[in-house]
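Protein chains in written order, with our numbering: chain A, 1 to 163; chain B, 1 to 314.
Derived by calculation from the structure, the hints in this document are not laboratory data. Any given hint could turn out to be false.
Cβ pair distances, simulated, as ranges [unchecked claim]:
(1) A:T83 with B:G267: 53 to 61 Å
(2) B:D92 with A:E113: 17 to 25 Å
(3) A:E55 with B:G80: 40 to 48 Å
None of the values given here were measured: they were computed from a predicted structure. Built from N, CA and C at the ideal position, the CB exists for glycine as well.
These are the residues of each chain, in order.
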Amino acid sequence: MQHPMGRVLLGAASAAALLGAGSAHAQTASELFNPAQVLRAALAAPDSGITAATETRTKDGKPVVRLAGANGLTVWVQGGHCTAAGCPSAWFWVKVTPPAGTDRQALVDRYNESPRWASAHVAGDAVELRGEVMFAGGISDANLAQYVRSITHHAARLSAGQA
Amino acid sequence: MRRAALIIIAIALGCTGSAQAKRKTAPAPAPVVVAPPPLPTSVDRLDFEQMKVILKSFGWKAEFTGGGKDPYLGVWSKLGMPYTITGVQCPDDTGRNCEAIRLWYRNPVQHPDAAGISRRINQSQFFLRSRFQPSHDGSPPYLFPERTIILKGGVTPAQIAANLIEFDRWIIDLVPNVGYALPASYTGPRKAPVAQSASAAPSGSGLVPGRYRTTINNSNGTFSEDICMTASDMREPIQKIAADLTNGGSGCSISGGGGSVRMQCTGRIVDGNISASGMSTSLRWSGNALINTDGLGGRDRIQFQGSASRIGDC
Numbered sequence: 001m002q003h004p005m006g007r008v009l010l011g012a013a014s015a016a017a018l019l020g021a022g023s024a025h026a027q028t029a030s031e032l033f034n035p036a037q038v039l040r041a042a043l044a045a046p047d048s049g050i051t052a053a054t055e056t057r058t059k060d061g062k063p064v065v066r067l068a069g070a071n072g073l074t075v076w077v078q079g080g081h082c083t084a085a086g087c088p089s090a091w092f093w094v095k096v097t098p099p100a101g102t103d104r105q106a107l108v109d110r111y112n113e114s115p116r117w118a119s120a121h122v123a124g125d126a127v128e129l130r131g132e133v134m135f136a137g138g139i140s141d142a143n144l145a146q147y148v149r150s151i152t153h154h155a156a157r158l159s160a161g162q163a
Numbered sequence: 001m002r003r004a005a006l007i008i009i010a011i012a013l014g015c016t017g018s019a020q021a022k023r024k025t026a027p028a029p030a031p032v033v034v035a036p037p038p039l040p041t042s043v044d045r046l047d048f049e050q051m052k053v054i055l056k057s058f059g060w061k062a063e064f065t066g067g068g069k070d071p072y073l074g075v076w077s078k079l080g081m082p083y084t085i086t087g088v089q090c091p092d093d094t095g096r097n098c099e100a101i102r103l104w105y106r107n108p109v110q111h112p113d114a115a116g117i118s119r120r121i122n123q124s125q126f127f128l129r130s131r132f133q134p135s136h137d138g139s140p141p142y143l144f145p146e147r148t149i150i151l152k153g154g155v156t157p158a159q160i161a162a163n164l165i166e167f168d169r170w171i172i173d174l175v176p177n178v179g180y181a182l183p184a185s186y187t188g189p190r191k192a193p194v195a196q197s198a199s200a201a202p203s204g205s206g207l208v209p210g211r212y213r214t215t216i217n218n219s220n221g222t223f224s225e226d227i228c229m230t231a232s233d234m235r236e237p238i239q240k241i242a243a244d245l246t247n248g249g250s251g252c253s254i255s256g257g258g259g260s261v262r263m264q265c266t267g268r269i270v271d272g273n274i275s276a277s278g279m280s281t282s283l284r285w286s287g288n289a290l291i292n293t294d295g296l297g298g299r300d301r302i303q304f305q306g307s308a309s310r311i312g313d314c
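Starting from the given sequences, assemble the full structure and let the hints guide the process.
Okay, structure coming up:
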C-alpha cells in the first residue's frame, strides 16, 4: 500500500508549491478551490448547522476554511493537489469524539460499510471523517453545499456514537 | 441510446407507406442522420440513460443495466477497467432518481488483510473510500474500494468525468498492490502484482487492538479472561497472538508456516502446535501443547481450543 501515502505526500508537496501563489484563487471560481465559494456554500447549506465560516491560514500560509457548527463540530476545508495554477480539489476533514466507552474502531467500520462520500478512521481518541471534492469540470454552490451538509450530518452522528 | 434507437425506428416506420407507394418515382431517400442525444449541462439525479450519454462523452462504455429494486450500471473505463455504478440516497424503491452515485470496482478483490488495507486507505488519503466484508466460504475477506459522488445541487458532466477518471487511476494503482493482476480487458501499461503474502506481512494479524475476552477449553475445563492487546501486538501473525492468549497474554514465539505452526513459550506453555484464523475483531484457534503443571518440572500434554472477541477499548 505504498500508493495512497505516496499520493498524499505528492499532494502535500504540491500544496507547498502553492505558498507563493496567493493569487491563484483570483482565477476561475468554480473549477478551482476558492475559499470564498466554500464560505458562501457552507453558510447556505441546508440543515448543515454551520453557524460561522471563516477563512484562515495554516502556519505555512495555505488558505483553510473553518466551518463551525452549532453542535461544537469544526469542519476544515483546504485545497488539494495544488499547483501554481490553483487547487483542483478540496480536502474536507472533521474530528469528533464519540461518547466515552464507544468502541471507535467498530463504529468506524460500521460507518464505512454504508455508501457515503466521506470515509472515517480512528484518530487516537477521536474519529476523523475526511473526503475530497473535485472542482475540475466546475462545481455549483448548491452541490458544494450538499457535501458540507453530508459531512456535518455524519460527523454529528458519529459524535453521538451512531454510524 | 434508447432514445436514438426510437427515433430511428419512428422515422423508418413513418417513411414505410409512402416509400412503397412512390418507389418507382421517388429519388433514393437520403440517409437518416440522427443527432446524438445532447449532453446535459447539469445532472442532479441519477438517470441511467443520461448517465450512458455522459459516460460515452469521455470514452467510457455502459455495458449493461441491472434491473430490480437495486438497479445498477455496468461500465468500462476508457482503459478497459470494469466498474459498477449504483444509486445512493434514492427517494423511492426504484433505485433511480438517486441523489448520489457510488462507483466501485466490479471484479472481486480478496485479501487476508482486507480490513487493514481498507483502514489504511481511509486514513492515508482523501479521495478513495474503502470498506471490507467477510466472505461466507472461509476464503479471505473482500476489499471494496469505492467513490461516492453527490449529484444533488447539480453536477456538470465534466465533473462526473473528472471523478470517474481519477477513480480509474486509483484502482489501476491499487489492484496490483493488493496482489491482483489487472483484468485482461485493461489496455494501459501494466504493473506486476505484488505478492499477497508479501503485502500482508507488515500488517500482521489484521485484528483491531483493544480488550479481548478470551475463552479456552481443554481437558481440565473452560477458562476465560480479558486481555488487552495493543496495536504493536496486532502487528504479529495471528498464530502468535493466539499462542500468547493461550499462554496468558505473552511469552510465545512461533516458527514454521502453513495451517499449523510450532510455538515455544515461557510460562504456562512449554511448546506445542497451533493453528488460528480470524478477522477484524475476533479469532479462533486450536492446537496441542506441553504445559508446565507445577513450576517444578511437571509436564502434561493437552489439546485446546480457544476463541477471543473484542469487547472494547483497553
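Here is how each hint holds up against the structure:
1. A:T83 with B:G267: 53 to 61 Å: 58 Å, holds
2. B:D92 with A:E113: 17 to 25 Å: At 23 Å between Cβs, range holds.
3. A:E55 with B:G80: 40 to 48 Å: Holds - the Cβ-Cβ distance for E55 of chain A and G80 of chain B, about 43 Å, lies within 40 to 48 Å.
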